[in-house]
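*Asks:* Sequence:
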Amino acid sequence: MKTELSDRLWDVAIVGGGNAALCAAIEASEAGATVLLLESAPKPYRGGNSRHTRNFRCMHRAPLSKLTEAYSEEEYFDDLLRVTKGHTDEALARLTIHESESCLPWMEDHGIRFQPSLTGTLSLSRTNAFFLGGGKSLVNAYYNTIEDLGVTVAYNAAVTDIAIKDNHFESLQVKIEDSSVRIQAKSVVLASGGFQADLDWLARAWGPAARNFLIRGTPYNKGVVLKCMLDQGAVSVGDPTQCHAVAIDGRAPKYDGGIVTRLDCVPFSVVVNENGDRFYDEGEDVWPKRYAIWGRLVAAQPNQVAYSIIDSKSAELFMPSVYPPITADSIEALAEELGLPVTTLTRTIETFNAACPQHLESFHPTTLDGLATSSIEPAKTNWARPICEPPYYAYSLRPGVTFTYLGLKVDESARATSEKGRYDNVWAAGEIMAGSILGQGYLAGFGMTIGTVFGRIAGREAARHVC
Numbered sequence: 005m006k007t008e009l010s011d012r013l014w015d016v017a018i019v020g021g022g023n024a025a026l027c028a029a030i031e032a033s034e035a036g037a038t039v040l041l042l043e044s045a046p047k048p049y050r051g052g053n054s055r056h057t058r059n060f061r062c063m064h065r066a067p068l069s070k071l072t073e074a075y076s077e078e079e080y081f082d083d084l085l086r087v088t089k090g091h092t093d094e095a096l097a098r099l100t101i102h103e104s105e106s107c108l109p110w111m112e113d114h115g116i117r118f119q120p121s122l123t124g125t126l127s128l129s130r131t132n133a134f135f136l137g138g139g140k141s142l143v144n145a146y147y148n149t150i151e152d153l154g155v156t157v158a159y160n161a162a163v164t165d166i167a168i169k170d171n172h173f174e175s176l177q178v179k180i181e182d183s184s185v186r187i188q189a190k191s192v193v194l195a196s197g198g199f200q201a202d203l204d205w206l207a208r209a210w211g212p213a214a215r216n217f218l219i220r221g222t223p224y225n226k227g228v229v230l231k232c233m234l235d236q237g238a239v240s241v242g243d244p245t246q247c248h249a250v251a252i253d254g255r256a257p258k259y260d261g262g263i264v265t266r267l268d269c270v271p272f273s274v275v276v277n278e279n280g281d282r283f284y285d286e287g288e289d290v291w292p293k294r295y296a297i298w299g300r301l302v303a304a305q306p307n308q309v310a311y312s313i314i315d316s317k318s319a320e321l322f323m324p325s326v327y328p329p330i331t332a333d334s335i336e337a338l339a340e341e342l343g344l345p346v347t348t349l350t351r352t353i354e355t356f357n358a359a360c361p362q363h364l365e366s367f368h369p370t371t372l373d374g375l376a377t378s379s380i381e382p383a384k385t386n387w388a389r390p391i392c393e394p395p396y397y398a399y400s401l402r403p404g405v406t407f408t409y410l411g412l413k414v415d416e417s418a419r420a421t422s423e424k425g426r427y428d429n430v431w432a433a434g435e436i437m438a439g440s441i442l443g444q445g446y447l448a449g450f451g452m453t454i455g456t457v458f459g460r461i462a463g464r465e466a467a468r469h470v471c
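In this text, residue positions in the sequence shown follow my numbering: the first is 5, and each later residue adds one.
Don't read these hints as lab results, they were simulated from the structure. Misleading hints may appear alongside valid ones.
Claimed, not checked - Using 35 Å as the maximum straight-line C-alpha spacing, the simulated DSBU-like pairs for lysine-lysine come out as follows:
#, residue 1, residue 2
1, Lys169, Lys89
2, Lys317, Lys231
3, Lys190, Lys413
4, Lys317, Lys413
5, Lys413, Lys424
6, Lys231, Lys413
7, Lys413, Lys169
8, Lys317, Lys47
9, Lys413, Lys258
10, Lys424, Lys169
11, Lys140, Lys424
12, Lys70, Lys89
13, Lys258, Lys231
Could you build all of it, start to finish, from the sequences and the hints given here?
*Replies:* Here it is, written out as structure tokens:
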């Protein structure tokens, strides 16, 4: 295998094995290029963070596949502006949004199947198309497709160096098992993700608190390719402290816990830190537009931990975590179970309950219902119901980082840029360039949209360069 890889000149080498890389491989191969895909993970863990995804956010003018009604470009862009607070490249963002509409039928043509929207706090039937079987089924379908197309795939193939001379890519140095091989290609697509699995890099960006973060995505995204490019003068985009970080169950593993460790109970809860104090509006917006801010919020709390507390009337309103909740028949007993100060937590819940509206007929779990607290800070602006019906439940929260936003600057053709100008034959797609569009914040399903759109563009453009 090593000889086969190093003894030929490939048309397109693709670094990465997730959604963006696979989309690039399909497009490049269908354009007639010989394609080599280098996946640093072993085969059972192929697919990067795409293994843990559930859905794809898609613009559409009318019902499309399993999507209902319509989701216009302007509404989509407005949603993005709200979560990023304007920190986005409008041209690239609009390109992503506009192209998403054609991507969905393309995905179906290449083996992806969709199902109706999930219920509960992820009811997104109008905006997001859910993968039948989840991200693992998407990854497997794409690998089946590229196998049929004749794409060569190397697993356990970690790129350690990229040779670039005068803004022109020449070769890759790749560690396969215990040896290093040099691979030559006429063009390269970099789709190797962020640097979140390198805790030392995270700590340099965030400070020592980052060592308490959990990495909910793949442990193979250590940013080696990104660092290699930046060290050689590639133009960066994004803030190293910005990332897709959500609040996940504090009992999750250090790496690769995936989507099942995410907690969706926050909108119906009171969230406190280890001092027993609330610190943010739990009902600020519908969960798919706010879940990704909670990782950073928890990261700012003492010891990077918090607790979400609900009562029995809310226990069935959200998709459960893979771990069962901590349960008690009183708030005092729950505080003891959690190791929180009993007096403070009891006072926090009593104060919150007193500030809730008395008439709760307008409560609606999946839309902004306007049930807001009064005279407390922070307020809870929607779904504010008293926590008063035992048994009481709690989940511990920790920051779970999916991917980082520091990346490579690209143009609308997905071509990467150096300090000397555009590279001749280097393209980038997926999380390694998503910081151009996601300056901060996140929209549910949008990472898959960026990866699909720019993966397809990068694959086409790399093939066009050589074919």
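*Asks:* Take a quick look at whether lysine 190 and lysine 413 sit within 35 Å of each other, Cα to Cα.
*Replies:* 21 Å, holds
*Asks:* Assess, step by step, whether the Cα of lysine 317 is no farther than 35 Å from the Cα of lysine 413, and give holds or violated.
*Replies:* 48 Å, violated
*Asks:* With the threshold set at 35 Å, check whether the alpha-carbon distance from lysine 413 to lysine 169 stays at or below it.
*Replies:* 19 Å, holds
*Asks:* Does lysine 231 sit within 35 Å of lysine 317, going by the straight-line distance between their CA atoms?
*Replies:* Not OK: lysine 317 and lysine 231 at ~49 Å, beyond 35 Å, violated.
*Asks:* Is lysine 231 within 35 Å of lysine 413, Cα to Cα?
*Replies:* Between lysine 231 and lysine 413 the Cα gap is close to 13 Å, so the pair holds against 35 Å.
*Asks:* Is it true that the CA of lysine 413 sits at most 35 Å from the CA of lysine 258?
*Replies:* 30 Å, holds
*Asks:* Checking one constraint from the list: CA of lysine 424 to CA of lysine 169, max 35 Å. Satisfied?
*Replies:* Satisfied, since the Cα-Cα distance of roughly 11 Å is no more than 35 Å.
*Asks:* Given the hinted pair lysine 317 and lysine 47, is their alpha-carbon gap at most 35 Å?
*Replies:* 44 Å, violated
*Asks:* Does the alpha-carbon distance linking lysine 140 and lysine 424 stay inside the 35 Å limit?
*Replies:* 40 Å, violated
*Asks:* Tell me if the straight-line CA distance from lysine 258 to lysine 231 falls inside 35 Å.
*Replies:* 23 Å, holds
*Asks:* Below or equal to 35 Å on CA atoms is what counts here, so check lysine 169 against lysine 89.
*Replies:* Since the Cα atoms of lysine 169 and lysine 89 sit roughly 38 Å apart, the hinted pair is violated (cutoff 35 Å).
*Asks:* Checking one constraint from the list: CA of lysine 413 to CA of lysine 424, max 35 Å. Satisfied?
*Replies:* 13 Å, holds
Of the numbered hints stated above, those contradicted by the structure are hints 1, 2, 4, 8, 11, listed in ascending order.
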